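Enquirer: Once you have looked at the hints, place chain S on chain Y.
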Amino acid sequence: MKVKGRVFRYYDNVDTDVIIPARYLNTSSAEELASHCMEDIDKDFVRKVRKGDIIVAGANFGCGSSREHAPLAIKTSGISCVIASTFARIFYRNSINIGLPILECPEASEKICAEDEVEVDFDTGEIRDLTQGLVFRAEPFPPFMQKIISCGGLINYLKEEEK
Amino acid sequence: MGMTSTEKILARAAGLDEVHAGQLIMAKLDLVLGNDITSPVAIGEFEKFGLDRVFDRDRIALVPDHFAPNKDIKAATQCKCVRTFARRMGITNYFEVGQMGVEHALLPEKGLVSAGDVVIGADSHTCTYGALGAFSTGVGSTDMAAGMATGKAWFKVPQAIRFNLSGTFRPFVGGKDLILHIIGMIGVDGALYKTMEFSGPGVASLSMDDRFTVCNMAIEAGGKNGIFPVDDATLEYLRQAGAKEPVIFESDPDASYEAVYDIDLSQIRSTVAFPHLPENTRTIDECGDVAVDQVVIGSCTNGRISDLRMAASVLKGRHVAEGMRCLIIPATQKIWRQAMDEGLFDIFMDAGCVISTPTCGPCLGGYMGILAEGERCVSTTNRNFVGRMGHVKSEVYLAGPAVAAASAVAGRIADPAKL
Numbered sequence: 001m002k003v004k005g006r007v008f009r010y011y012d013n014v015d016t017d018v019i020i021p022a023r024y025l026n027t028s029s030a031e032e033l034a035s036h037c038m039e040d041i042d043k044d045f046v047r048k049v050r051k052g053d054i055i056v057a058g059a060n061f062g063c064g065s066s067r068e069h070a071p072l073a074i075k076t077s078g079i080s081c082v083i084a085s086t087f088a089r090i091f092y093r094n095s096i097n098i099g100l101p102i103l104e105c106p107e108a109s110e111k112i113c114a115e116d117e118v119e120v121d122f123d124t125g126e127i128r129d130l131t132q133g134l135v136f137r138a139e140p141f142p143p144f145m146q147k148i149i150s151c152g153g154l155i156n157y158l159k160e161e162e163k
Numbered sequence: 001m002g003m004t005s006t007e008k009i010l011a012r013a014a015g016l017d018e019v020h021a022g023q024l025i026m027a028k029l030d031l032v033l034g035n036d037i038t039s040p041v042a043i044g045e046f047e048k049f050g051l052d053r054v055f056d057r058d059r060i061a062l063v064p065d066h067f068a069p070n071k072d073i074k075a076a077t078q079c080k081c082v083r084t085f086a087r088r089m090g091i092t093n094y095f096e097v098g099q100m101g102v103e104h105a106l107l108p109e110k111g112l113v114s115a116g117d118v119v120i121g122a123d124s125h126t127c128t129y130g131a132l133g134a135f136s137t138g139v140g141s142t143d144m145a146a147g148m149a150t151g152k153a154w155f156k157v158p159q160a161i162r163f164n165l166s167g168t169f170r171p172f173v174g175g176k177d178l179i180l181h182i183i184g185m186i187g188v189d190g191a192l193y194k195t196m197e198f199s200g201p202g203v204a205s206l207s208m209d210d211r212f213t214v215c216n217m218a219i220e221a222g223g224k225n226g227i228f229p230v231d232d233a234t235l236e237y238l239r240q241a242g243a244k245e246p247v248i249f250e251s252d253p254d255a256s257y258e259a260v261y262d263i264d265l266s267q268i269r270s271t272v273a274f275p276h277l278p279e280n281t282r283t284i285d286e287c288g289d290v291a292v293d294q295v296v297i298g299s300c301t302n303g304r305i306s307d308l309r310m311a312a313s314v315l316k317g318r319h320v321a322e323g324m325r326c327l328i329i330p331a332t333q334k335i336w337r338q339a340m341d342e343g344l345f346d347i348f349m350d351a352g353c354v355i356s357t358p359t360c361g362p363c364l365g366g367y368m369g370i371l372a373e374g375e376r377c378v379s380t381t382n383r384n385f386v387g388r389m390g391h392v393k394s395e396v397y398l399a400g401p402a403v404a405a406a407s408a409v410a411g412r413i414a415d416p417a418k419l
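Residue numbers (the working numbering), protein chains in the order written: chain Y, 1 to 163; chain S, 1 to 419.
This is chain Y alone, in the form it adopts within the complex (with noise of 0.2 Å):
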């Protein structure tokens, strides 16, 4: 599979407070979750943001809280991928689970800028950034972790590992 969109561009240390504020916590309704994505940082983010674009990020993406809330805002705001040098741990854990394809890779990490176009093929984890005419190379997620992304999600590879 492969998506291809703009890039927004943030650094180290994202967390899910300026993912999604807890002061919006007091819903589980993803869209309304999506309707306040970033705003602590990025107040255009949700004006702007198109189906397909990408988040490229520095380091610890998605810190703090487990609040699934994060993931899921930035999946239903439209979001195709998000790419950083490193995530926080369950954060990472929450986007297989959910579904949101994330990917560490270091290089794409420090070299893509914000507003490139970026396009992403998931089978071969290649990462090329069409407006500088880069490509990288991310890590693949070890066969279990792509059981569960190709069943769509933890609940639904549980279901079929019951069958």
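By construction, these hints were calculated from the structure, which means they are not laboratory data. Quantities reported herein were computed from a predicted structural model and do not represent experimental measurements. Built from N, CA and C at the ideal position, the CB exists for glycine as well. Incorrect hints may appear among the rest.
Some, not all, of what chain S presents toward chain Y, calculated at C-beta under 7 Å [as the list claims (entries may be wrong)]:
1. 24
2. 25
3. 45
4. 387
Simulated crosslink set (DSS-like; lysine-lysine; CA at most 30 Å straight-line) [stated by the list, open to error]:
5. S:156 <-> Y:147
6. S:74 <-> Y:48
7. S:74 <-> Y:147
8. S:71 <-> Y:43
9. S:156 <-> Y:163
10. Y:147 <-> S:48
11. Y:48 <-> S:393
12. Y:51 <-> S:48
13. S:110 <-> Y:147
14. Y:48 <-> Y:2
15. Y:159 <-> S:80
16. Y:51 <-> S:74
17. Y:159 <-> S:28
18. S:48 <-> Y:2
19. Y:2 <-> S:156
20. Y:159 <-> Y:111
21. S:28 <-> Y:163
22. S:74 <-> Y:43
23. Y:159 <-> S:48
24. Y:163 <-> S:152
25. S:156 <-> Y:159
26. Y:163 <-> S:48
27. Y:159 <-> S:152
28. Y:4 <-> Y:48
29. Y:111 <-> Y:48
30. S:74 <-> S:110
31. S:316 <-> S:418
32. S:393 <-> Y:43
Expert: Quick look at chain S alone, frame taken from chain Y:
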């Protein structure tokens, strides 16, 4: 090759003789936890299984504590969702307002976690129970749903970092100063995906409350779990709480550690984390002149009885600064009553503090102490991210209860030893 205590706990839960860092395992769970923020999402996911029962109604804990007592209609709706589910599934350990407390203070107190257990909780500070020699870690709502349905969770066995403690704390210094010092040293991703194991002769001098505080903030260094060895203090705590028979694991002398840090507790100073990351630490003498509008003493990090005693020892016979709002939030009903019985409430009220019912409330900017633009708060909570406690242009300074209380008195960040 030897195993760490964490590896031994996980091996047992996975039904294996041996596991090592990097291995993917499926482990049996002793307890699955959720709160009023994360459980509604988990309940929605659980429904997708189409099951009419949970794996074990005695081994799920549901604690409405974040926006409870209900802060608004939406929060009330979320709490109602949790309550309805708990009743329908016959969940034994559902804690209504009146019994509830901040989850990570409440569960150990109720004897729901024992040494050797494997616990997941849909709350990042679930790592707190490592203080009891358990493996416990925060997960999201989908993992919680899967845990409630199957009683199992997948884990990648973590690598470990060891913190070898010696010596004893100076006056007014405690577990919070130690963990802030460590986070300042290794950074907010310094233990990413890893176990933070605390060991050495210094452990014996740490109270159980200090150990809870230290493990609680392992996640603030990116850690998967924090863990202490089980000693007489642990066993006494478990016995008093009525926890089930502990299963004790010790790390092997030849267990593998990615790094080992030696820390002399007598060298730890009162420490404050400046905005907007827990790693931005300064010792109290490096803080400079920082005026403060509000102080919060409470939370899963520092809302336990010894924290309140420490705060009271600083506030006794003193009064908070003019214009200062000082909120004291005992973490559970039991702690609340104990503080009242010990006369701590008189000290707090004479000092001009307000005492709240247990809630996570202000820690995550929910309610009960939200900050306006430009306001500053010294808080015994665990995060100081942008907008964490209110307006995006407010600031949170993390500290232990002694510094927080001293700052309430001085109206600015203050050293309790120099009041």
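Enquirer: Now, for every hint given, state plainly whether the structure supports it.
Expert: Hints and how they fare:
no. : hint            : result
1   : 24              : 5 Å, holds
2   : 25              : 10 Å, violated
3   : 45              : 6 Å, holds
4   : 387             : 4 Å, holds
5   : S:156 <-> Y:147 : 15 Å, holds
6   : S:74 <-> Y:48   : 28 Å, holds
7   : S:74 <-> Y:147  : 36 Å, violated
8   : S:71 <-> Y:43   : 26 Å, holds
9   : S:156 <-> Y:163 : 24 Å, holds
10  : Y:147 <-> S:48  : 19 Å, holds
11  : Y:48 <-> S:393  : 23 Å, holds
12  : Y:51 <-> S:48   : 26 Å, holds
13  : S:110 <-> Y:147 : 38 Å, violated
14  : Y:48 <-> Y:2    : 22 Å, holds
15  : Y:159 <-> S:80  : 28 Å, holds
16  : Y:51 <-> S:74   : 29 Å, holds
17  : Y:159 <-> S:28  : 17 Å, holds
18  : S:48 <-> Y:2    : 28 Å, holds
19  : Y:2 <-> S:156   : 28 Å, holds
20  : Y:159 <-> Y:111 : 40 Å, violated
21  : S:28 <-> Y:163  : 20 Å, holds
22  : S:74 <-> Y:43   : 24 Å, holds
23  : Y:159 <-> S:48  : 9 Å, holds
24  : Y:163 <-> S:152 : 17 Å, holds
25  : S:156 <-> Y:159 : 21 Å, holds
26  : Y:163 <-> S:48  : 15 Å, holds
27  : Y:159 <-> S:152 : 13 Å, holds
28  : Y:4 <-> Y:48    : 16 Å, holds
29  : Y:111 <-> Y:48  : 22 Å, holds
30  : S:74 <-> S:110  : 29 Å, holds
31  : S:316 <-> S:418 : 15 Å, holds
32  : S:393 <-> Y:43  : 14 Å, holds
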